[in-house]
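Residue numbers (my numbering), protein chains in the order written: chain A, 1 to 548; chain B, 1 to 311; chain C, 1 to 313.
Don't read these hints as lab results, they were simulated from the structure. Each hint can be trusted.
Below, in silico cross-link-like pairs of lysine-lysine (DSS-like), each with a Cα-Cα straight-line distance of 25 Å or less:
#1 C/K229 x A/K89
#2 A/K89 x C/K123
#3 A/K259 x A/K247
#4 C/K229 x A/K138
#5 A/K66 x C/K123
#6 A/K66 x C/K229
Estimated spans, in silico, between C-beta atoms of each pair:
#7 A/M79 x C/W127: 34 to 44 Å
#8 C/R74 x B/M214: 46 to 56 Å
#9 A/R90 x C/L178: 48 to 58 Å
#10 C/H179 x A/R384: 56 to 66 Å
#11 C/L178 x A/Q68: 41 to 51 Å
#12 B/P222 x A/N141: 53 to 63 Å
#13 C/G125 x A/N88: 10 to 20 Å
#14 B/M214 x A/A531: 48 to 58 Å
#15 B/L221 x A/H428: 14 to 24 Å
#16 B/I128 x A/D354: 35 to 45 Å
#17 C/I103 x A/T195: 55 to 65 Å
These numbers come from a predicted model, not from an experiment. Note that the Cβ used here is the ideal one computed from N, Cα and C, for glycine as well.
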Amino acid sequence: MTDEIKTQPILEIKNLTVDLPNGSDRLHAIEEISIYIGPCEIVCLVGESGSGKSVTAFSVMGLLPKDQLTPSAGTIDLMGENILQVSNKRLRELRGSRMSMIFQEPMTALNPTMTCGDQIDEVLTTHTSMNHAMRREKVINILGQMQLTDLSSIADSYPHQLSGGQRQRIMIAMALVLDPVLLIADEPTTALDVTTQEQILKLIKEIQHNHETAVLFITHDFGVVAEIADRVVVMQAGRVIEQGPAKVILKQPNAPYTKMLIGSVPNFVPHCRSLAKNTPIVLATKNLCKTYGGRGFFQKSREIRAVHRVNLEIRRGATLGIVGESGSGKSTVARCIARLIDPTAGHIYLENYDIAQVSQSSLHSLRSRVQIIFQDPYRSLNPRRTVGASIIEGLINYGMSKQEAYKRACLLMPLVRIDPNALNRYPHQFSGGQRQRICIARALAMEPQLIIADEAVSALDVSVQSQVLELFNDIRCRLNLAILFITHDLRVAAQVCDTIAVMHHGEVVEYGEATRVFDNPQHEYTRSLFAAAPGRGFDFANISISTG
Amino acid sequence: MIEGIEKLVRSVTSDYVVMRMSTIWQQLIRNSSIMFGAIVLGFVVFIAISAPFLDTMDPSAIDLAWRNNKPGVRHFKILPDGTTREWTYRMGTDTLGRDTYSRVIYGAQVSLAVGSLVAMLSLTIGLIIGLVAGYVLWLDAIVLRIMDGLMAVPGILLAITMVSLANASLLTLILAIAIPEIPRVVRLVRSIVLSIRDEPYVEAAVSVGTRLPMILIRHLLPNIVAPLIVMGTYIFASAILVEAILSFLGVGISPETPTWGNIMAEGRLMFRIYPHNILFPGIFLAITLLAVNMLGDGLRDILDPRIRKRL
Amino acid sequence: MFGFVVNRLLATIPVMVMVTIFVFLLLRLAPGDPAAVLAGDNGSPQQIIEIREGLGLNQPVLVQFGTWILGVVRGDFGKSYFFKKQVSELILLRVEPTIALAITTLIITILVAIPIGVIAAYKHGTWIDRIIMALSVGGFSIPAFVLGYLLIYLFAMKLDLFPVQGYKPLAEGFWPFLHQLILPSLTISAIYIALIARITRTSILEVLGEDYIRTAYAKGLTPNNVLFKHALRNAAVPIVTVIGIGVALLIGGVIVTESIYNIPGIGRLIVDAVLGRDYPTIQAIIILSSFFYVIVNLLIDLTYSLLDPRIRY
Chain A
1 MTDEIKTQPI
11 LEIKNLTVDL
21 PNGSDRLHAI
31 EEISIYIGPC
41 EIVCLVGESG
51 SGKSVTAFSV
61 MGLLPKDQLT
71 PSAGTIDLMG
81 ENILQVSNKR
91 LRELRGSRMS
101 MIFQEPMTAL
111 NPTMTCGDQI
121 DEVLTTHTSM
131 NHAMRREKVI
141 NILGQMQLTD
151 LSSIADSYPH
161 QLSGGQRQRI
171 MIAMALVLDP
181 VLLIADEPTT
191 ALDVTTQEQI
201 LKLIKEIQHN
211 HETAVLFITH
221 DFGVVAEIAD
231 RVVVMQAGRV
241 IEQGPAKVIL
251 KQPNAPYTKM
261 LIGSVPNFVP
271 HCRSLAKNTP
281 IVLATKNLCK
291 TYGGRGFFQK
301 SREIRAVHRV
311 NLEIRRGATL
321 GIVGESGSGK
331 STVARCIARL
341 IDPTAGHIYL
351 ENYDIAQVSQ
361 SSLHSLRSRV
371 QIIFQDPYRS
381 LNPRRTVGAS
391 IIEGLINYGM
401 SKQEAYKRAC
411 LLMPLVRIDP
421 NALNRYPHQF
431 SGGQRQRICI
441 ARALAMEPQL
451 IIADEAVSAL
461 DVSVQSQVLE
471 LFNDIRCRLN
481 LAILFITHDL
491 RVAAQVCDTI
501 AVMHHGEVVE
511 YGEATRVFDN
521 PQHEYTRSLF
531 AAAPGRGFDF
541 ANISISTG
Chain B
1 MIEGIEKLVR
11 SVTSDYVVMR
21 MSTIWQQLIR
31 NSSIMFGAIV
41 LGFVVFIAIS
51 APFLDTMDPS
61 AIDLAWRNNK
71 PGVRHFKILP
81 DGTTREWTYR
91 MGTDTLGRDT
101 YSRVIYGAQV
111 SLAVGSLVAM
121 LSLTIGLIIG
131 LVAGYVLWLD
141 AIVLRIMDGL
151 MAVPGILLAI
161 TMVSLANASL
171 LTLILAIAIP
181 EIPRVVRLVR
191 SIVLSIRDEP
201 YVEAAVSVGT
211 RLPMILIRHL
221 LPNIVAPLIV
231 MGTYIFASAI
241 LVEAILSFLG
251 VGISPETPTW
261 GNIMAEGRLM
271 FRIYPHNILF
281 PGIFLAITLL
291 AVNMLGDGLR
301 DILDPRIRKR
311 L
Chain C
1 MFGFVVNRLL
11 ATIPVMVMVT
21 IFVFLLLRLA
31 PGDPAAVLAG
41 DNGSPQQIIE
51 IREGLGLNQP
61 VLVQFGTWIL
71 GVVRGDFGKS
81 YFFKKQVSEL
91 ILLRVEPTIA
101 LAITTLIITI
111 LVAIPIGVIA
121 AYKHGTWIDR
131 IIMALSVGGF
141 SIPAFVLGYL
151 LIYLFAMKLD
161 LFPVQGYKPL
171 AEGFWPFLHQ
181 LILPSLTISA
191 IYIALIARIT
201 RTSILEVLGE
211 DYIRTAYAKG
221 LTPNNVLFKH
231 ALRNAAVPIV
241 TVIGIGVALL
251 IGGVIVTESI
261 YNIPGIGRLI
271 VDAVLGRDYP
281 TIQAIIILSS
291 FFYVIVNLLI
301 DLTYSLLDPR
311 IRY
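Put together the whole structure using the sequences plus the hints.
What follows is the structure, given as structure tokens:
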């Protein structure tokens, strides 16, 4: 089989090098990479951010920004035609008809001012001479293949009127309407919820099979790789580290980097940690509600129940995880507890105080006890202040002298594994993972009883993510802290949480010990959520241990 | 319409990068638009300050014997101390025999004073109102209503009316030009505050117990300074222009005061025969405005990373 | 949609109320006695008192405001002190030249500014872009009264292509009417074109960085199609917004330009009224122009939903 593929590749990239503009931190975005894709094959291009996987995809489409990224060596052969050599006109003919691409954000990748049908239709008017009726028929037909219903109304709607999953289906329809031989998918499911992701992955696989399309699938998620890939190409810092059939790479990776990457993927099986049962409760919510409502004369007032009657308990030394898809209200709960927003109703008990009800002045004195860490490490630190100033800001607020606060910060830095000398640097001098550690240090400086991590590892690469998760675990043990861990990633939840609350449409649908919830989910939604998690049959961490 | 502006501003401000002072300086010096603007503006400032020493005479001195002279006419003039010397009317004289050259040079003083004072006044008031409105929700609605009302009155109309109704002193002139500018500043500041206050680092500051005044000073103000400087240059240009328009229409500062607008107003009557009284102050005015606008554009390009990213 | 229109109309009421109160107070509290102006330099104190009573100026401010506002709502702005005519009549007489000027200016502006803005954005970074942008800064910087006289000097006095000053009503034929309007409209357009060309360039550039533009290229569209089918439509909202805000510039430009070209319009009227301390006329013009501004911007708000399907009310 493999020999056959090698003789008739759909896409063959040979020794491709793409230069970065002068003054960048490295010379080449990608360097001497060689990849081939056979007919009907799904090749996954895996790597962390900055590995050059997207640049590879854009090079194939000829969509690199001309003045910034320039291919300087190598060839890209699409069915024997070197894309780097063809004229602009020929390149335009190839795009959309022989090769096409789908993108990460289906919201921004579709033109908001054109109906979905028109956008698909545009591919047909550009590349074919079909008449209006034929085009319409073809559009409806391809939409039907995307397992959409109510086809003509979908064709006539604008992207914002559809859900994320529907939009991605429109993108796929647009890409496949002319039966290209090659489909490039650039992280097509990263922005989607797990359940939608599962459906889209299935769809891509099915369509790919029916249309006999070769797929270059770019992802950072090994769960997705396990789900969809025939072959895998691992990239790091612009180079191909290793490639081979998916089964081989996932089970017996050769390169140390691949081993490390796969080993960093959190295990889907919850850890078994003996929980001290009767540690005191740090924080409890009772019937916590948050409603957003807008109102105006003559306009319908819309009320959105973001959070409805949530009851939670967090004990000292334990981690409570809230999992759920986007819009489930999990972050709203976190922000209510941190009192960044005012709850509409209900109680939040922190020791003997109800922080949902206390006055502003007593709230000020209680603030230090609950600290929050946000998702985006690039925006959580004031870019104009040194990280030291950010860390000691809270201490000074509560009356500590500058020198003393600085001393405290220096003591904290080894705990989060950052050099204390780095305190007078600015955030942009640190990587994402380091910034997240700095945010943790800022939270720890306040000596809180509860730390809220609101998707705190979601923006990080897997290898960095596993280090930060370890750090969380470490400080929880050492300082006997309570942690409220908000995440959409079930693997991450399995690894760190002692108890789990599953949220759906603003309500907690399942709440219990992590082992119980994972092994024996009661609620239907929980079950569907778990079933959708990509690559759940794969025990990544153990594989790497056994092979390495 | 207002939502539109705010979306624009927000899209620009939420995506900033921070630069070190040294790199900012390098960029300022390398930017040709800024260099041109700064040099020309520096020249205008120089002639305004050193006006008495640039071989000028009293810009208000009337000499009926030498009315309506073309540029370059020479004659012997009796100076106040009784001596005579040869005098060249470099830019001619006006209908009252005043030396246009001296009036144009002295005119720079009024223009720059009005421009800078209006800019400072409207920025300060606008900044305070905008900061408060952006953070105190119930005040926000009221302030917005007032600003909408003020914005609905065309600025020049308002200024003309205010100046002509009160006596046209420099102070009323400055107030009349500054007040219509304030709503723009308030809207800018407010929209930046609204976009920054939701940034995670501001929320982090709230959760470590930083109180409102410190949040405003430490975390919000630094983000406002750059756009405010840019806006200040535009207000500076617009104030100079409005002052000139008011004088030109005859409703500005009193006609004997040498301002570029007044000289041109004076020159209107004899424009067809003696265009120099419109030409010279017009050139000075246009070049000054060009310099300030180019300075503003250059600053905006440097301080606004969204535009810069594409260069 | 209907709810939105009603809502927006209601929202203009507080703005207009603010404007009326503001304008009334501004004029009543300002120093300078209109009665003294009317009586002239030789007026006796007795005459001044009589004039004051005749105008109702001796009544309490609130009463004056009440009578005035009731009149305004009926379209009666009172009688001009200076021209001795009904203000509404005065304005109707002067409104034609101003509207003609505004419309020709707007047409010139849109026809010139949007294409050059699009070209500048598409040729971004090239010398074409730089020239267009330099002209735009120039347009911003040259005051209408300098440009106006330059145009007169060049095209009317030296080349004799256009009449120097004055206005011919439409009733005297379309060509003479237009011929007289071209120079004044160009004078006002300069700054307006500069403004609109800039915002067109900026917002097209902004849109060209969006993901869906990349998608359009990935579909194999030609650059022209991408620019006009995808970019311009998405860039329209900010452009239209600025056209609306620019109405304030237009009003300012009209005042100056009518003085330069001796056009008997509203702009001249306001200058004369201010010099003559003619309260009722000033009030009427400020209120009507504010009303005009608010209505134009309201209409522009309503076009948003046509331009961008995401905006639904």
